[in-house]
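Protein chains in written order, with my numbering: chain A, 1 to 616; chain B, 1 to 303; chain C, 1 to 181.
You may find that some hints are simply not true.
[Stated by the list, open to error] DSS-like, lysine-lysine: derived pairs with alpha carbons at most 25 Å apart:
no., chain 1, residue 1, chain 2, residue 2
1, A, K522, C, K9
2, C, K149, A, K522
3, C, K9, A, K530
4, C, K112, A, K530
5, C, K73, C, K9
6, C, K149, A, K530
7, A, K530, C, K168
8, A, K145, A, K291
9, C, K112, C, K161
Hints are computed from structural coordinates only; laboratory data are not their basis.
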Amino acid sequence: MNMIFILFAVLLGGALLTFFSNKVSGLLRDIFFLLTVLAAGVFFYLFIKKGDTVSFSLAGLNLQWGLNAFGWYFSLIVLGLSTLAAFYALAYMRGKERLGYFYFNFLVSILSMLGILMSRDLVSFFVFWEIMTWSSYFIVIYNGKNVQRNGINYIIFSTIGAYAMLTAIVLVYTNTDSLIISDMITSYPQFTPVLQIFVPILFLMAFSVKAAMMPLHVWAPDAYSNSPMAYSSVFSGALSKMGIYGMIIVFVTMISYLPDSTWFKEIFAWLGAITAIMGTLWAVSQDDARKLLAYSSIAQLGYIITGVAIGTELAMLSALFLAVLHGLFKGALFMAVGAIERQTGTVNFTEVTGLIRKMPWTFIASLLAIIALAGIPPLGGFVGKWMLYESLINSNHYILVIAIFFASTAAFLYCYKFLFGFFLGQEEKEWEHVKEAPALMVVPMMILAIGTVVLGTFPGIILKPADIAMQSLGYAPTEGHLWSMSVLFNEWGDQVLLKPLVYAIAGIFLFFLILLTVKGWKTMRYVTTKDISSSGEVPLEDENLTFSINFFQPFMRAAGPVMKKRMITYYREFGKAIDILFDFTRRIYNGNGQTYAIYVMIFLVILLLLKNNLFG
Amino acid sequence: MGEILQYTWGAIVSFVLAFFVGITYMGLSRIVTARVQNRIGPPWYQNFFDVFKLFSKDTSIHHGIMHHMGPAFMMVTAVMSLLIIPIFNGGSFFTNLNFHGDLIFLIYIMVFGPLGMALGAGQTGNPNSAIGVTRGLSQIVGFEIPWVMALVALMIQYKTTSIVDLMNIQAETGKWLMFTSPFAFIAAVLAMLGMFRYAPFDIVGAPQELASGPMSENGGKYLFVMMSSGAVFAFAKLTLYVDIFMGGANNLIILVVKTFILYMIPVLYGIVSPRYRTEQSVRFFWGWPTLFGLLAILQAAFL
Amino acid sequence: MINDKNSQKIVDIIRNYARKHSLWILAYGTGCGAIELPPTMTSRYDAERLGVRGAATPRQADLLLITGYLTTKSLKRVIRVYEQMQDPKYVIGFGSCTINGGMYWDSYNTIKALDRYLPVDVYINGCMPRPEAVLSGFAKLQELIQDGKANGAKEYKENLKWYRDNQKKVITNWKMPEYNW
Numbered sequence: 001m002n003m004i005f006i007l008f009a010v011l012l013g014g015a016l017l018t019f020f021s022n023k024v025s026g027l028l029r030d031i032f033f034l035l036t037v038l039a040a041g042v043f044f045y046l047f048i049k050k051g052d053t054v055s056f057s058l059a060g061l062n063l064q065w066g067l068n069a070f071g072w073y074f075s076l077i078v079l080g081l082s083t084l085a086a087f088y089a090l091a092y093m094r095g096k097e098r099l100g101y102f103y104f105n106f107l108v109s110i111l112s113m114l115g116i117l118m119s120r121d122l123v124s125f126f127v128f129w130e131i132m133t134w135s136s137y138f139i140v141i142y143n144g145k146n147v148q149r150n151g152i153n154y155i156i157f158s159t160i161g162a163y164a165m166l167t168a169i170v171l172v173y174t175n176t177d178s179l180i181i182s183d184m185i186t187s188y189p190q191f192t193p194v195l196q197i198f199v200p201i202l203f204l205m206a207f208s209v210k211a212a213m214m215p216l217h218v219w220a221p222d223a224y225s226n227s228p229m230a231y232s233s234v235f236s237g238a239l240s241k242m243g244i245y246g247m248i249i250v251f252v253t254m255i256s257y258l259p260d261s262t263w264f265k266e267i268f269a270w271l272g273a274i275t276a277i278m279g280t281l282w283a284v285s286q287d288d289a290r291k292l293l294a295y296s297s298i299a300q301l302g303y304i305i306t307g308v309a310i311g312t313e314l315a316m317l318s319a320l321f322l323a324v325l326h327g328l329f330k331g332a333l334f335m336a337v338g339a340i341e342r343q344t345g346t347v348n349f350t351e352v353t354g355l356i357r358k359m360p361w362t363f364i365a366s367l368l369a370i371i372a373l374a375g376i377p378p379l380g381g382f383v384g385k386w387m388l389y390e391s392l393i394n395s396n397h398y399i400l401v402i403a404i405f406f407a408s409t410a411a412f413l414y415c416y417k418f419l420f421g422f423f424l425g426q427e428e429k430e431w432e433h434v435k436e437a438p439a440l441m442v443v444p445m446m447i448l449a450i451g452t453v454v455l456g457t458f459p460g461i462i463l464k465p466a467d468i469a470m471q472s473l474g475y476a477p478t479e480g481h482l483w484s485m486s487v488l489f490n491e492w493g494d495q496v497l498l499k500p501l502v503y504a505i506a507g508i509f510l511f512f513l514i515l516l517t518v519k520g521w522k523t524m525r526y527v528t529t530k531d532i533s534s535s536g537e538v539p540l541e542d543e544n545l546t547f548s549i550n551f552f553q554p555f556m557r558a559a560g561p562v563m564k565k566r567m568i569t570y571y572r573e574f575g576k577a578i579d580i581l582f583d584f585t586r587r588i589y590n591g592n593g594q595t596y597a598i599y600v601m602i603f604l605v606i607l608l609l610l611k612n613n614l615f616g
Numbered sequence: 001m002g003e004i005l006q007y008t009w010g011a012i013v014s015f016v017l018a019f020f021v022g023i024t025y026m027g028l029s030r031i032v033t034a035r036v037q038n039r040i041g042p043p044w045y046q047n048f049f050d051v052f053k054l055f056s057k058d059t060s061i062h063h064g065i066m067h068h069m070g071p072a073f074m075m076v077t078a079v080m081s082l083l084i085i086p087i088f089n090g091g092s093f094f095t096n097l098n099f100h101g102d103l104i105f106l107i108y109i110m111v112f113g114p115l116g117m118a119l120g121a122g123q124t125g126n127p128n129s130a131i132g133v134t135r136g137l138s139q140i141v142g143f144e145i146p147w148v149m150a151l152v153a154l155m156i157q158y159k160t161t162s163i164v165d166l167m168n169i170q171a172e173t174g175k176w177l178m179f180t181s182p183f184a185f186i187a188a189v190l191a192m193l194g195m196f197r198y199a200p201f202d203i204v205g206a207p208q209e210l211a212s213g214p215m216s217e218n219g220g221k222y223l224f225v226m227m228s229s230g231a232v233f234a235f236a237k238l239t240l241y242v243d244i245f246m247g248g249a250n251n252l253i254i255l256v257v258k259t260f261i262l263y264m265i266p267v268l269y270g271i272v273s274p275r276y277r278t279e280q281s282v283r284f285f286w287g288w289p290t291l292f293g294l295l296a297i298l299q300a301a302f303l
Numbered sequence: 001m002i003n004d005k006n007s008q009k010i011v012d013i014i015r016n017y018a019r020k021h022s023l024w025i026l027a028y029g030t031g032c033g034a035i036e037l038p039p040t041m042t043s044r045y046d047a048e049r050l051g052v053r054g055a056a057t058p059r060q061a062d063l064l065l066i067t068g069y070l071t072t073k074s075l076k077r078v079i080r081v082y083e084q085m086q087d088p089k090y091v092i093g094f095g096s097c098t099i100n101g102g103m104y105w106d107s108y109n110t111i112k113a114l115d116r117y118l119p120v121d122v123y124i125n126g127c128m129p130r131p132e133a134v135l136s137g138f139a140k141l142q143e144l145i146q147d148g149k150a151n152g153a154k155e156y157k158e159n160l161k162w163y164r165d166n167q168k169k170v171i172t173n174w175k176m177p178e179y180n181w
C-alpha cells in the first residue's frame with residue numbers, strides 16, 4: 001500500500017477516533033488528537049518523498065496523488081502551524097463544549113489541506129477543496145454566535161468560488177479529455193483564446209476567495225474572528241495559503257503562456273495592492289483584536305498576491321517567503337489574542353489594558369510577531385518586504401511600490417494599537433487578577449515568534465526550499481545571485497548583508513541599554529502607572545486614564561474619504577437589485593386567468609408578427 | 001577581531017562627530033529662533049549644558065521595562081542610520097556599514113526607533129504620551145509617502161538602491177541630483193519638514209497641549225539619551241540629504257555648510273508657522289508633496 | 001582641602017556649572033505672578049540667555065517656580081508636582097505671598113509661609129516682582145547652585161517628617177503616594 005494512502009488513513013482514522021473517543025473520556029480524546037497530528041507530521045516528513053506519485057482509478061476516473069517540491073514547501077506551513085496550533089488548542093479549548101466536533105473538523109481540515117497539496121488531478125483537487133471549505137465552515141459556526149452573518153457569508157463566497165472552479169474543470173475536461181493537472185498545463189497553450197482567458201479567471205476566482213482578495217474578501221473578517229483562536233491561527237496562517245498555492249500554479253503555468261499576459265498580471269497586482277491598502281485601513285479602525293488581525297491577514301495576503309502576480313524570480317521568492325512568515329507571525333498573534341481572551345474574557349482594546357506585567361511571555365511573543373508583521377529589521381518581516389519592494393522597483397512597477405509602501409507604513413498604526421491596547425497603558429485594578437496563560441499556550445506562540453527572529457538573520461533557511469519549489473515550477477535557480485544564507489541581492493546587484501547589520505543593531509541596543517541601566521542604578525526606581533505627571537493630580541485607583549477610544553481618530557479623519565463605502569454594501573445593493581428584479585418577475589403570475597389568456601394572445605401575436613423572420 | 005575593532009572605532013568616531021555637530025545645530029537653531037523673535041538667545045553651546053545636566057541628574061524613575069528600554073531603541077535608529085549613511089565622499093572616512101544596507105533598509109531602520117520609543121511611551125500610562133504617539137505614527141504615514149516617492153524616483157532613474165552608488169554617480173557626472181531630479185528633491189525636502197518635527201508639524205511633542213507627548217514621563221538619563229539620539233539622528237538625516245541630493249561632501253567644513261543650509265529650511269519654516277492639527281498635517285503630505293513625488297517618478301520613468 | 005567638607009570635588013564643580021546654566025522651569029502660575037513670566041522670557045528680558053527655558057512636565061524640570069499665593073487646595077498639587085521632579089531640583093518662591101502671605105495674610109484658605117511645606121531655595125520679594133527682580137532671583141539661584149548650597153531637595157528628604165506633618169495639617173484629604181527617594 002502506498003505511503004500517501006497511509007497518511008490519509010492515519011489522519012482520517014485519527015479524526016474519527018478523536019470524535020468517538022469524546023464520548024468515552026476527554027483525556028483519551030486529547031491524546032488521540034495530539035497523536036494524530038504528530039503522527040501525520042512525522043509520517044509525512046519521514047516516509048513521503050518528493051516525487052512520490054500514486055495513480056488509481058475510482059468510479060471510472062483516473063486519479064493521481066503525489067508530492068512535488070512546491071507542495072512540500074506549502075506542507076511546511078500547514079503541518080508546522082497545525083502541530084503548534086494543536087498543542088495550543090488543547091489548553092485553549094479546555095472546558096468548552098462539543099470538543100469532539102471541533103477536533104474532528106480540525107483534523108479533517110489538515111487532511112484536506114495536505115490533500116490539496118498532493119492532488120495531481122482536478123477531481124481530487126476539487127473534492128479536497130470542498131472538504132477544506134466545509135470543515136472550516138463547521139469551525140466558523142462552532143461558536144454558534146451570529147451564524148447567519150458569519151457562516152452564510154463564508155459559505156456563499158466559497159460556493160461561488162467552488163462553482164467557478166467546477167466550471168473551469170468541466171471546460172478543461174471537455175477540451176482535453178483528461179483530468180490530470182499536468183495534462184491540462186501541457187495542453188493549455190493549444191486552447192482557444194477565449195478559453196485561455198476564461199479557465200484561469202475561473203480558477204483564480206476560486207483561489208481569490210480563499211486568499212480573501214478584494215472584492216471577494218467580504219467573508220474573511222467575520223470568519224477569521226469568530227472561529228476559536230486556536231483554529232484562526234491555522235485558518236489565516238495556513239488555510240488561506242491554499243488560495244496562494246493555487247494562484248501561483250495558475251499564474252506560472254497558465255497566465256504566463258497567454259500571448260499578452262501583462263495586463264492580466266497588472267490587474268491582479270493592483271487588486272493585491274488595493275487589498276493591502278484597504279485591509280490595512282480597516283484594520284486600523286478596529287477595536288476588536290480578532291477583527292484587527294482578520295483585516296491584517298487580508299492585507300498581508302494582498303502583498304503576497306501582488307508578489308505572485310508580478311511573477312519575477314525575486315517577486316515569487318518574496319511571495320513564498322512572506323507566505324511562510326505570515327503563517328509564523330499571524331499564527332503567533334492569533335494565539336496571543338486567544339491567550340488574552342482566555343485569561344481576561346475580552347478581546348476589546350477599549351476594555352483591557354496594561355497586561356505587560358501580568359502576561360510577559362505573551363507580550364514578548366506578540367512584540368516579536370508584531371515587529372515581524374511591520375517588516376522592521378532585524379526580524380524576518382523585513383526580508384520579505386525588502387524582496388517585494390526590490391522586485392517591484394526592478395520590474396518597473398513604480399506606482400505599485402508606493403501603494404504597497406503606503407499599506408505597510410499604515411500597518412504601523414494597527415501594530416502599535418495591538419500592543420498598546422492590550423499590554424501597555426495604565427494598569428487597572430480590574431485586571432489585577434490576570435495571570436500568564438498556561439505553558440501549553442505560551443510555548444507554541446513563543447516558538448513561532450522565535451522563528452521570525454531566526455528568519456530575520458538567516459532567511460536562507462526558508463529561501464532554500466522556496467528556491468527548490470520555484471525550480472519545480474520552472475524558474476531558474478536563484479541561490480547566489482538573489483540570496484544566500486544571510487545576504488539579499490536585488491536584480492541590480494545591490495545587497496543587504498543581514499548578519500553584520502543584525503549584530504550592529506544588537507550591539508548598539510545592548511550598549512545603550514547597559515548605559516541606561518548602570519547609570520544611576522541605585523537611585524533609579526519603578527513607579528506605578530498611576531504615578532504620572534497629570535497636572536499634579538493623583539489619579540484614583542478606579543480612574544481609568546488610558547487613551548484607547550477613537551485611538552487613531554485624526555488619521556481616520558484624514559483617510560476617511562476612501563473608507564466611506566464598504567464592499568459589503570455593494571454586495572447588499574446588488575442583492576437588493578436582484579430582489580427587485582425577481583419581485584418584478586413574480587408579478588407576471590398574478591393568479592388571474594384573464595391575464596394569462598392575454599399573455600397567450602400577446603405571445604401568439606408576436607409569433608405571427610415575426611413569422612417571417614423566425615420561420616421564413 | 002580586528003575587523004570588529006575597526007567597526008567599533010568607526011562607530012565611536014562617527015557618533016562623537018554626529019553628537020557634537022547635532023547638538024551644536026540644536027543650539028544654533030535656538031539662536032536663530034531668538035533672533036527672529038528679537039531676542040539675544042542662549043549661547044551656541046547651550047544644548048551641551050542641557051545634555052550634560054540631564055546626564056548628571058541624580059535620580060530617575062521608570063514605569064517598567066519597555067519604558068526603560070525605549071530611549072535605547074531610539075538610539076539604535078540614530079546610530080544605525082549614521083553608520084549606513086556615508087559621511088564623506090569617496091571612502092575618505094570610516095566606511096562603517098555603508099556597503100551593508102541600502103536605501104530600503106534605511107527607510108525601515110528609520111522607523112525602528114520611533115516605534116520602539118512609542119512602546120516605551122505607551123507603558124508610562126500617561127494619556128498624553130499615547131496621544132502623542134498616535135499623532136506621530138499618523139504623521140509618519142503622511143510624510144513617508146512623498147519621501148519614499150522621491151527615493152524611488154532616484155532609484156529607478158539611476159538603477160541602484162545603494163547610497164554609495166548615488167554618490168558616485170554625482171561625483172562622476174559632477175551634477176548634483178537636486179538639479180537633475182528637481183521634483184524628487186522638492187518632495188524630499190517637503191517630507192523633511194515632517195521628519196524634523198518643527199512647527200507646523202510639531203504635533204507630536206506639542207508642549208502646550210500634550211506636555212511634550214511621548215517624552216512627558218522621561219527625565220534625567222532617559223531624556224539625555226533621547227536628546228542625544230535626536231541630535232545624532234538629525235545629523236544622519238541631513239547627511240543623507242546632502243549625500244543623495246547635494247553631491248556629498250569631501251571634508252567636514254563643506255559637510256557642515258551644506259547640512260546647516262538644509263537644516264535651516266525646517267527651522268526657518270517652523271519659526272513663522274503655527275501648528276497643524278494631525279489630519280491637516282497628514283493631508284498636507286498627501287497633497288503637494290505627493291504630487292511632486294509623482295512628478296519625480298514620471299520624470300524618472302519617462303525622461 | 002580635599003577632606004574639607006565644604007569644598008567640592010572637581011566633578012561637582014563641572015556638574016554644578018552645567019546645572020546652573022541649564023534651568024528648566026516648571027512655572028506653577030497660581031496667582032497674578034504668572035503674568036510676570038512672559039515678559040521675563042520674551043524679547044525684552046530674554047531669560048533664555050541664562051539657560052532658563054520652560055519644561056513641559058515635572059519629570060523634565062529642574063526648577064519649580066511658585067508664582068504667587070497658594071491655596072490649601074493648590075498646595076496639594078504643588079507638593080505632588082515637586083515630588084515628581086527629579087533630583088537635583090530647586091524651588092523659587094515668587095512674590096510676597098509665598099513669603100508671609102502678602103495681601104492674603106489673614107485669608108483662611110491660603111498658606112502663609114511656603115517654606116513650611118516645601119524647601120524654598122530662593123525667595124523673590126515684591127508684589128509683584130518685576131522681571132528684573134525675577135532675573136536677579138535666577139542669578140542668585142545660579143550662584144547658590146555653583147557653590148553647592150542649593151540643597152533644598154536634600155533638606156526635604158532629611159526633614160520629610162516635619163514637612164509631612166505641616167502639609168497634613170493644612171491638607172485634610174491626604175491621599176498621596178509615599179515619597180521614598
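So, going through the hints one by one against the coordinates:
no., hint, result
1, A/K522 x C/K9, "holds, 21 Å"
2, C/K149 x A/K522, "holds, 23 Å"
3, C/K9 x A/K530, "violated, 38 Å"
4, C/K112 x A/K530, "violated, 31 Å"
5, C/K73 x C/K9, "violated, 42 Å"
6, C/K149 x A/K530, "violated, 33 Å"
7, A/K530 x C/K168, "holds, 21 Å"
8, A/K145 x A/K291, "holds, 15 Å"
9, C/K112 x C/K161, "holds, 20 Å"
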